[in-house]
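**Student:** Each protein sequence line maps, in turn, to chains D and Y.
All residue numbers for the first sequence refer to the working numbering, where the first residue is 1 and numbers rise by one.
All residue numbers for the second sequence refer to the working numbering, where the first residue is 1001 and numbers rise by one.
Among the hints, erroneous ones may be present.
30 Å max Cα-Cα, derived DSS-like pairs, lysine-lysine [claimed, not checked]:
(1) Lys-1212/Y to Lys-1122/Y
(2) Lys-1183/Y to Lys-1235/Y
(3) Lys-1151/Y to Lys-2/D
(4) Lys-1151/Y to Lys-28/D
(5) Lys-1405/Y to Lys-1258/Y
(6) Lys-1122/Y to Lys-1144/Y
(7) Lys-1162/Y to Lys-144/D
(8) Lys-28/D to Lys-2/D
(9) Lys-28/D to Lys-1162/Y
(10) Lys-1279/Y to Lys-1258/Y
(11) Lys-28/D to Lys-1176/Y
(12) Lys-1202/Y to Lys-1212/Y
(13) Lys-1235/Y to Lys-1284/Y
(14) Lys-1258/Y to Lys-1235/Y
(15) Lys-1162/Y to Lys-2/D
(16) Lys-134/D to Lys-144/D
(17) Lys-1144/Y to Lys-2/D
(18) Lys-1325/Y to Lys-1235/Y
(19) Lys-28/D to Lys-144/D
(20) Lys-1151/Y to Lys-1122/Y
(21) Lys-1325/Y to Lys-1258/Y
No wet-lab data here; the hints were simulated from the structure.
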Amino acid sequence: MKPLVLGLGNDLMGDDAVGIVAARRLEKDMSNMADIRVSNEYGVALLDYFIGYESALVIDAVTLDTRSAGELIELDFDDLRPVRGISPHYAGLPDLKALAQSLGLAFPDRVRVLAVQIDRPKTVSAVMSPTVEKSVDLLVETAKACIIQWTDESNDHSVAGKAV
Amino acid sequence: MERKITIDPITRLEGHGKIEILLNDQGDVDRAYLQIPELRGFERFAIGRPAEDMPQITSRICGVCPTAHHMAGTKTLDDLYHVTPPPAALKVRELAYTIFFIEDHALHFFFLAGPDFVVGPKAGKAERNILGLIGKVGQEAGLKVIGMRRKLRELMIQIMGKAAHPVFGLPGGISKPIKPDAKARIAAVAAEAVEFAQFGLKVFEDVVLSNKDYMNYITSEMYTHRTYYMGMVDKDNKVNFYDGLMRVVDPDGKEYSKFAGRDYLANVVEHVEPWSYIKFPYLKQIGWAGFKDGADSGIFAVAPLARLNAASGMATPLAQVEYDKFMTTCGRPVHFTLANNWARLIELLYAAERMQELANDPQTYDPEVRTIPKETPTEGVGIVEAPRGTLIHHYQTDDKGIITKANLIVATQNNAARIALSVDKAARGLISKGQVDDGILNMVEMAFRAYDPCHGCGTHALPGKMPLMIHVYDSRHELLREIVRD
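Please model the complete structure; the sequences and the hints are all you need to start from.
**Tutor:** Shown next as C-alpha cells:
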C-alpha cells in the first residue's frame, strides 16, 4: 500500500504555505509511490485523510520558540503530545489516532511529521519569505527519502513474506 | 482589588479569540469582554486582483467555512457582471450549499456543542470532548457521524471540485453540470442525511429536552437577550440559506424591515470599539445604544436561532413540524441563546430535506449551467446565510474587473454585539465572590459557543500545541497565577 503524504497549510498566508508548496512539488515526482494530498483544514476534519493508510507523512509549518525560520524539524509520532480535552478543531495527531481507535477505524501505524519553522504565520500574502522559500528544496528531498525508505521497507517485507 | 482572568484562545471555537473577565474587590464581575486579537487584512489583499479570483481567495479566509465565502463571492460576481445564471446552475449551487450546511451543522452539534450538553456542561475537561461524547452515545453513533460527513464530503468533491476549497462558482453559473447518472447516489445520501438529522434531533430530545437541569440552563435569564433578529427568507418568509430577501424582526417578533442584499448599507452599519478588531454591526434606523438589548438598541442577532425567529417557518415538511415544536416550547420569538443548538438541528433537517428535493429535481442535472457575462463589471453585492449567520460580500471594480474596493461582513461580525452581551451576562451570572473553576469558565464559553462563532483564523493546530491559558492578574495587572489547560 502507498503511504499518505499530507501537505498542510494555507497558501494565502505567506510562509504557512510551505507544506502545500512542498506537497505539490512531490506530486510531480512521487505520485507513483505515494498518495499526495493537500489541505488547509485542521483538527478532526483531517481524520478522513488518514483512515485506511498504514503510513503517513505530514508536511507542515511550525512556530516553535527555540528554532530559526527556515529550519527543518523532523518528528515521529511518539514526539507528539495529545491536546485532548481542548477542542476537536485543535486536535492533534495523537487525538485523531485515539478517536480512530475508539471508533474501530484503521489509523496509520507509522506517522512522521516534517515541518519548517516559519516567521510570520498570520501575514496575508501569496508568497513566502525568502528564508522559508529556500527551505522547500530540503523539505522535498527529505520527504522523498522518507517515501523511498518506506517503499523499500514495504517491498522487503513483502518479499520476505513470500519467501516464508 | 481587581482581578483579571484571561481565557486565550477560546476552546472549541473556529479561530482565535480571548475572553477577559475583570473582577472587583468582592470577586464579582465588573465587566467581561470577548476580544478578537487578530487583524486579517483579506479585504486589503483583494484590491488589485481580478474579481473572478474572489470566490477562491475568500474561501481561504479560514479552513472552516470556505463554501459559504465561495458562494457569497460567486453571487457577488453575478451581481457585479449583471448576469443571471441558468436555473440548473442555481439549483446545483443550492444543492452544494445544502450539503455543506449539513456537514457543518453536524460538526458543530456533535463535535463542538455536543460535549457541552451530551457529556455535561460541568463534566471534567478530560471528558468534555468528542471522545467523551462517543463514550456517552456509543461507538455506533460516532461512526454514524463520521460516516455521514465522509459521504457528504465525497459529494462536495464531486460537485464543487474540492471539499475544502470549492472551485466551481463562476459569474453567471458554475464550471460543470452534474451528470444525470450521479442522481441515484446524491438522492441516496440525501435520504440518509434526512435520517441522520432526525437522529440528531432524537439525541437532543433524549439528552437535553428531557433533562430539567439543561432546560433550566437554556431558559435561564443569564443566557437570554431580547434583541432584533435577521435572516434570509424566501417569497413565503420561510428560511432560505442561498437566496432571498433579508428580513428583520423586532424583540416582539414583529417584522421590522425587509430588504434586498444591495440595500444592506442602508440598513446595517458598524460600530467600532477600541478593545477589539471586530466591528459591531447594528441596525442603522434604530441606532447604537451601547451594549444593551431591547427595542431601542440596534443590536441584532444572526445564525440559526435568529433565522428561525426572522422567518415564519421552514420550507420543508419535517423541519416545519420541528419548527412548530420549537416555537411552542420556547415561545416566539425565542430569546434563549443556548436554543441556537436546537435551532441548528432543525436547520440541519431542513438542509437535508432541501438536498433531497434538489437531488430529485430533473432540472438539477440540466447541462446548461452557464450564462456568459457580456456587460462591464461595476459593483456587486452577494449575501448568503452561512451556518454561523448572514455573510455579506461587496466588491467594486474598474471596467476590467479588477477589485478597487472590497467589504466583507462575516456572520460572526453580525453577531458580535450580541455575543459580547452574552459573555458579559453569563460571566456576571456565574462568577461570584471570586469562585472561578473550569466548569464555570466552560459555562461562560457556552454563551458564545452557541453562536458557533468563527474568527477566521487560517492557522491550523500544530501537533502538541497548547491553545488555552487562563491568566489571573491583580489590580496592577501583575500576573498572580497561570493555568495551562493540557
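**Student:** For each hint, tell me whether it holds in the structure or not.
**Tutor:** Hint check:
1. Lys-1212/Y to Lys-1122/Y: holds, 15 Å
2. Lys-1183/Y to Lys-1235/Y: holds, 28 Å
3. Lys-1151/Y to Lys-2/D: Holds - the C-alpha atoms of Lys-2/D and Lys-1151/Y are around 23 Å apart, at most 30 Å.
4. Lys-1151/Y to Lys-28/D: OK: Lys-1151/Y and Lys-28/D at ~29 Å, within 30 Å.
5. Lys-1405/Y to Lys-1258/Y: holds, 26 Å
6. Lys-1122/Y to Lys-1144/Y: holds, 26 Å
7. Lys-1162/Y to Lys-144/D: Within the cut-off at roughly 26 Å; holds.
8. Lys-28/D to Lys-2/D: Judged against 30 Å, a Cα distance of about 16 Å means the pair holds.
9. Lys-28/D to Lys-1162/Y: holds, 19 Å
10. Lys-1279/Y to Lys-1258/Y: holds, 23 Å
11. Lys-28/D to Lys-1176/Y: holds, 26 Å
12. Lys-1202/Y to Lys-1212/Y: Holds, at roughly 16 Å.
13. Lys-1235/Y to Lys-1284/Y: holds, 24 Å
14. Lys-1258/Y to Lys-1235/Y: OK: Lys-1258/Y and Lys-1235/Y at ~11 Å, within 30 Å.
15. Lys-1162/Y to Lys-2/D: holds, 22 Å
16. Lys-134/D to Lys-144/D: Since the Cα atoms of Lys-134/D and Lys-144/D sit roughly 17 Å apart, the hinted pair holds (cutoff 30 Å).
17. Lys-1144/Y to Lys-2/D: Holds, because 27 Å separates the two Cα atoms, which is no more than 30 Å.
18. Lys-1325/Y to Lys-1235/Y: At roughly 23 Å apart (the allowed maximum being 30 Å), Lys-1235/Y and Lys-1325/Y satisfy the hint.
19. Lys-28/D to Lys-144/D: Distance of about 11 Å is within 30 Å: holds.
20. Lys-1151/Y to Lys-1122/Y: It is violated: about 34 Å lies between the C-alpha atoms, which goes past 30 Å.
21. Lys-1325/Y to Lys-1258/Y: With a Cα-Cα distance of about 26 Å, the restraint between Lys-1325/Y and Lys-1258/Y holds, given a limit of 30 Å.
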